[in-house]
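Since chain A is already given, all that's left is putting chains B, C and D on it; use the hints.
The chain contents come next:
Protein chains: 4
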Amino acid sequence: GDPLVIAGKAYTSRLLVGTGKYKDLAVTGAAVEMSGAEIVTVAIRRTNIGQDPGQPNLLDVIPPDRYTLLPNTAGCYTVDDAVRTCRLARELLGGHRLVKLEVLGDPTTLFPDVTATLEAAEILVRDGFDVMVYTNDDPIIAKRLEDIGCVAVMPLAAPIGSGLGIRNPYNILTIVENAKVPVLVDAGVGTASDAAVAMELGCDGVLMNTAIAEAKNPVLMASAMKKAIEAGREAFLAGRMPRRRFASASSPLAGLFFD
Amino acid sequence: GDPLVIAGKAYTSRLLVGTGKYKDLAVTGAAVEMSGAEIVTVAIRRTNIGQDPGQPNLLDVIPPDRYTLLPNTAGCYTVDDAVRTCRLARELLGGHRLVKLEVLGDPTTLFPDVTATLEAAEILVRDGFDVMVYTNDDPIIAKRLEDIGCVAVMPLAAPIGSGLGIRNPYNILTIVENAKVPVLVDAGVGTASDAAVAMELGCDGVLMNTAIAEAKNPVLMASAMKKAIEAGREAFLAGRMPRRRFASASSPLAGLFFD
Amino acid sequence: GDPLVIAGKAYTSRLLVGTGKYKDLAVTGAAVEMSGAEIVTVAIRRTNIGQDPGQPNLLDVIPPDRYTLLPNTAGCYTVDDAVRTCRLARELLGGHRLVKLEVLGDPTTLFPDVTATLEAAEILVRDGFDVMVYTNDDPIIAKRLEDIGCVAVMPLAAPIGSGLGIRNPYNILTIVENAKVPVLVDAGVGTASDAAVAMELGCDGVLMNTAIAEAKNPVLMASAMKKAIEAGREAFLAGRMPRRRFASASSPLAGLFFD
Amino acid sequence: GDPLVIAGKAYTSRLLVGTGKYKDLAVTGAAVEMSGAEIVTVAIRRTNIGQDPGQPNLLDVIPPDRYTLLPNTAGCYTVDDAVRTCRLARELLGGHRLVKLEVLGDPTTLFPDVTATLEAAEILVRDGFDVMVYTNDDPIIAKRLEDIGCVAVMPLAAPIGSGLGIRNPYNILTIVENAKVPVLVDAGVGTASDAAVAMELGCDGVLMNTAIAEAKNPVLMASAMKKAIEAGREAFLAGRMPRRRFASASSPLAGLFFD
Numbered sequence: 040g041d042p043l044v045i046a047g048k049a050y051t052s053r054l055l056v057g058t059g060k061y062k063d064l065a066v067t068g069a070a071v072e073m074s075g076a077e078i079v080t081v082a083i084r085r086t087n088i089g090q091d092p093g094q095p096n097l098l099d100v101i102p103p104d105r106y107t108l109l110p111n112t113a114g115c116y117t118v119d120d121a122v123r124t125c126r127l128a129r130e131l132l133g134g135h136r137l138v139k140l141e142v143l144g145d146p147t148t149l150f151p152d153v154t155a156t157l158e159a160a161e162i163l164v165r166d167g168f169d170v171m172v173y174t175n176d177d178p179i180i181a182k183r184l185e186d187i188g189c190v191a192v193m194p195l196a197a198p199i200g201s202g203l204g205i206r207n208p209y210n211i212l213t214i215v216e217n218a219k220v221p222v223l224v225d226a227g228v229g230t231a232s233d234a235a236v237a238m239e240l241g242c243d244g245v246l247m248n249t250a251i252a253e254a255k256n257p258v259l260m261a262s263a264m265k266k267a268i269e270a271g272r273e274a275f276l277a278g279r280m281p282r283r284r285f286a287s288a289s290s291p292l293a294g295l296f297f298d
Numbered sequence: 040g041d042p043l044v045i046a047g048k049a050y051t052s053r054l055l056v057g058t059g060k061y062k063d064l065a066v067t068g069a070a071v072e073m074s075g076a077e078i079v080t081v082a083i084r085r086t087n088i089g090q091d092p093g094q095p096n097l098l099d100v101i102p103p104d105r106y107t108l109l110p111n112t113a114g115c116y117t118v119d120d121a122v123r124t125c126r127l128a129r130e131l132l133g134g135h136r137l138v139k140l141e142v143l144g145d146p147t148t149l150f151p152d153v154t155a156t157l158e159a160a161e162i163l164v165r166d167g168f169d170v171m172v173y174t175n176d177d178p179i180i181a182k183r184l185e186d187i188g189c190v191a192v193m194p195l196a197a198p199i200g201s202g203l204g205i206r207n208p209y210n211i212l213t214i215v216e217n218a219k220v221p222v223l224v225d226a227g228v229g230t231a232s233d234a235a236v237a238m239e240l241g242c243d244g245v246l247m248n249t250a251i252a253e254a255k256n257p258v259l260m261a262s263a264m265k266k267a268i269e270a271g272r273e274a275f276l277a278g279r280m281p282r283r284r285f286a287s288a289s290s291p292l293a294g295l296f297f298d
Numbered sequence: 040g041d042p043l044v045i046a047g048k049a050y051t052s053r054l055l056v057g058t059g060k061y062k063d064l065a066v067t068g069a070a071v072e073m074s075g076a077e078i079v080t081v082a083i084r085r086t087n088i089g090q091d092p093g094q095p096n097l098l099d100v101i102p103p104d105r106y107t108l109l110p111n112t113a114g115c116y117t118v119d120d121a122v123r124t125c126r127l128a129r130e131l132l133g134g135h136r137l138v139k140l141e142v143l144g145d146p147t148t149l150f151p152d153v154t155a156t157l158e159a160a161e162i163l164v165r166d167g168f169d170v171m172v173y174t175n176d177d178p179i180i181a182k183r184l185e186d187i188g189c190v191a192v193m194p195l196a197a198p199i200g201s202g203l204g205i206r207n208p209y210n211i212l213t214i215v216e217n218a219k220v221p222v223l224v225d226a227g228v229g230t231a232s233d234a235a236v237a238m239e240l241g242c243d244g245v246l247m248n249t250a251i252a253e254a255k256n257p258v259l260m261a262s263a264m265k266k267a268i269e270a271g272r273e274a275f276l277a278g279r280m281p282r283r284r285f286a287s288a289s290s291p292l293a294g295l296f297f298d
Numbered sequence: 040g041d042p043l044v045i046a047g048k049a050y051t052s053r054l055l056v057g058t059g060k061y062k063d064l065a066v067t068g069a070a071v072e073m074s075g076a077e078i079v080t081v082a083i084r085r086t087n088i089g090q091d092p093g094q095p096n097l098l099d100v101i102p103p104d105r106y107t108l109l110p111n112t113a114g115c116y117t118v119d120d121a122v123r124t125c126r127l128a129r130e131l132l133g134g135h136r137l138v139k140l141e142v143l144g145d146p147t148t149l150f151p152d153v154t155a156t157l158e159a160a161e162i163l164v165r166d167g168f169d170v171m172v173y174t175n176d177d178p179i180i181a182k183r184l185e186d187i188g189c190v191a192v193m194p195l196a197a198p199i200g201s202g203l204g205i206r207n208p209y210n211i212l213t214i215v216e217n218a219k220v221p222v223l224v225d226a227g228v229g230t231a232s233d234a235a236v237a238m239e240l241g242c243d244g245v246l247m248n249t250a251i252a253e254a255k256n257p258v259l260m261a262s263a264m265k266k267a268i269e270a271g272r273e274a275f276l277a278g279r280m281p282r283r284r285f286a287s288a289s290s291p292l293a294g295l296f297f298d
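Residue numbers (the working numbering), protein chains in the order written: chain A, 40 to 298; chain B, 40 to 298; chain C, 40 to 298; chain D, 40 to 298.
Mixed in with the good hints there might be a few duds.
When the alpha-carbon atoms are kept at most 30 Å apart in a straight line, the in silico DSBU-like pairs for lysine-lysine are as follows [what the hints assert, rightly or not]: (1) B:Lys219 - A:Lys255; (2) D:Lys255 - C:Lys219; (3) A:Lys182 - D:Lys182; (4) B:Lys182 - C:Lys62; (5) A:Lys219 - B:Lys219.
The set of hints was computed from the structure by calculation and includes no laboratory data.
Chain A on its own, in the form it takes in the complex (with noise of 0.2 Å):
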């Protein structure tokens, strides 16, 4: 009833999910099956799908012919790695074209570079694939990327790993409300209330890893981010309550919130 559609495929589950920093694949496997995720990104540089034939190989535990498999471009400060790496994956996936980009500033922040993921972007659009675009949340960029004819556009929450949950919700509000692609909240998700946040501001979906893999538990914290993004969405399409001082208030709040 409900799709998120993404280069023209529908998709049921607005979870997307990773496969690094698990113990074993056995866990990765297990924890993508219970988030109910379609989409799952992998780290072309970092993950074996089959470049090395002796070594584990993830998708046998991520069948290609269940899960849109999302190869990016983790570990990439450089337009030029980021496009090789685009179409490494290509070729091992026999022609795939949905990447999700990202070019990296700063190995300690792991922040994008914007301005070379923008031309990244634009090379990658014109050769013709579907690409998804991590960024930060600066509306004017994220407009850019979709102007460029991403088929999505994924501002971070917070930084890559930090689980810090979505630090600035303004920001993510107005990339979403200017948006005419879908608006997926990108790292910083550390549990999962944040991703409910994130559903409930109008997101599209969300892409997490770090959060499911480093939970105590994470085949069960992928079961408590499948509820809460469904719960996010379904909140959103219902329509909040406004929110008041009190009860007897006879107009909505203005102006006197607090952070």
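Same frame as chain A, but now just chains B, C and D:
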């Protein structure tokens, strides 16, 4: 596997709902059903559960054989009124012991009068009631209500009907850490993520009314709340990742958080 | 032009300070002087103000002819202890009437025991004391303490010694809006902006100790706090601009704020 | 003892103010004087500083021998416009080098266009200007602007004219930690405590306009801001106490904070 036990009875659902402010009884019934709630609270002084045989009866949509009714003392501002209301409920419901006590201090804020609440709780406990008790978020008062023998302590997240979410998570956490009886957030939840946050803090459940009844689509919001409560509970049990400023940080964040 | 009036006496400074936790009396004296405070609180049970003639005497650095001493009942957990401590202070200080009442509920949280506080306040007011009273941030309790005849109500911002700042600005605001006596935030301020926020909410003053005493440079922090209190007071009186999402917004923000 | 040094010149005040949105020039002059600001920014495209000899001239109330004028490019949406505006300012002000660059991306949000800003900054630095530069709160962009040779980096706290305060303190803190040039918060401050928070994060200064000009009493708010900036700076230098959940806590808070 993870029941909520109140007064010796085990419940699967950790979401408790009210029945006020709905457009009509049909919506009330549909929303309550969708919420999955097993305990449904009823404002005895404002709701016809048979006192007036010629009027629509709430029990037609909330059949007592399917739900645990939780008569409450909404609208009571004195010890006497609250105690009398509980006794009336016991009569109307054929010896029913479980009640939610609230003694209000002020018609604007709807904050509890905690000294009257302590007094009424003592009387009701002595009188054989199983008392779930609405209170402020002061950990000292919460502990005293537990010591009196209340079967559950129900601190407010924010003023009744405000939808402001959990204004002081530290206080709720402190109450949870010190409690030996179930702690349920009562009042102030506005949307799904608020409910998830309550559960992630370790609360045993959440009671809400306005957030569902005053959503644009109450039945869909009831579904959102059901999932949010489960998501928050599972996230709590799964054990969230630590917060860090950056993924590269060698140790979790200490003392740097902002609000 | 804008005095703080407590028990009929006008003060220029709205910053009240404590005297505990300093390295030595010299630093205590220097920090108190730099703060500009005119009212200085003293924990009668822990401080030598002449009880022990052979030991260093606080009054050597806080001369009672320059400062209004505010004996407090820190460390008292019962009505009797608190009342007795106030009477002792009155004796030691030659009939002094102004006291700060605190009756603690718990040695971990140092939250007040509000029921004991109410009882002690009644006794002390009847006994002729001018009672400034430490309490939680419950507006109902605050009003009742005012009704008993306390000359100032002093809700906590956060636990004593925590430095967490104002955890629930709504409650403080509600107390301020309802009060006819001065409201001073007592406990929980950690840095200068916390003090400014308290004043911007309309509080009449702030009492603090740890935030100054445990700063790396207590004397410089005392200066910061003096300016922050004045800044917050002036900002309150000046009337801040409305919050808006954007400068272009035609009307102030309503119900969109995040926390 | 603690000067702010920009482009080799030392200033005592860390508060920079704008001159727009005041009722009349008399109030502008009075508020600027009360603020203690030594650097005053002027929107060259909107302000008469002599271009129109028959109209009131801002320099009558902001005499250039008393203040350092900071011409800014408010209202410029392209590299060309911004560069041309700076050159016009240099002419009008007899070879003046210090400018504030802003290239806007969008008339609604007034967010910067960071790619155009980077380009304009390169041109202006090469052209001999001392460039203070308005930017978003992305640490990667801030560093690049510093590397280009800007003499100060000025991230937004929140949208221009919003009064929302510092929406993402983590980002501001990261910019401060990485910077070798002064970092000044520019835009978004709404009241005194916001300014204090900026300084407590380690910022070197704050530039504001609307918060003073649109206060009910601009001159009093200017005084509040002066004190808030000093308070925040002193609190930063003094070294605040650690945050703890309770005074009794043996170690500072780690990872427990809420937002």
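Task: Lys219 (chain B) paired with Lys255 (chain A) [C-alpha distance capped at 30 Å] - done: holds (24 Å)
Task: Restraint status (C-alpha distance of Lys219 (chain A) to Lys219 (chain B) at most 30 Å) - done: Measuring from Cα to Cα gives roughly 51 Å; hence the hint is violated.
Open item on the list: Check the hint pairing Lys182 (chain A) with Lys182 (chain D) against an upper bound of 30 Å on the C-alpha distance.
Closed with: holds (23 Å)
TODO: Given the hint that Lys182 (chain B) pairs with Lys62 (chain C), test it: the Cα-Cα distance must not exceed 30 Å.
DONE: Violated - the C-alpha atoms of Lys62 (chain C) and Lys182 (chain B) are around 36 Å apart, more than 30 Å.
Open item on the list: With the threshold set at 30 Å, check whether the alpha-carbon distance from Lys255 (chain D) to Lys219 (chain C) stays at or below it.
Closed with: Distance ~24 Å between Lys255 (chain D) and Lys219 (chain C) Cα, so the pair holds.
Checked against the numbered hints given earlier, the structure breaks hints 4, 5 and satisfies all the rest.
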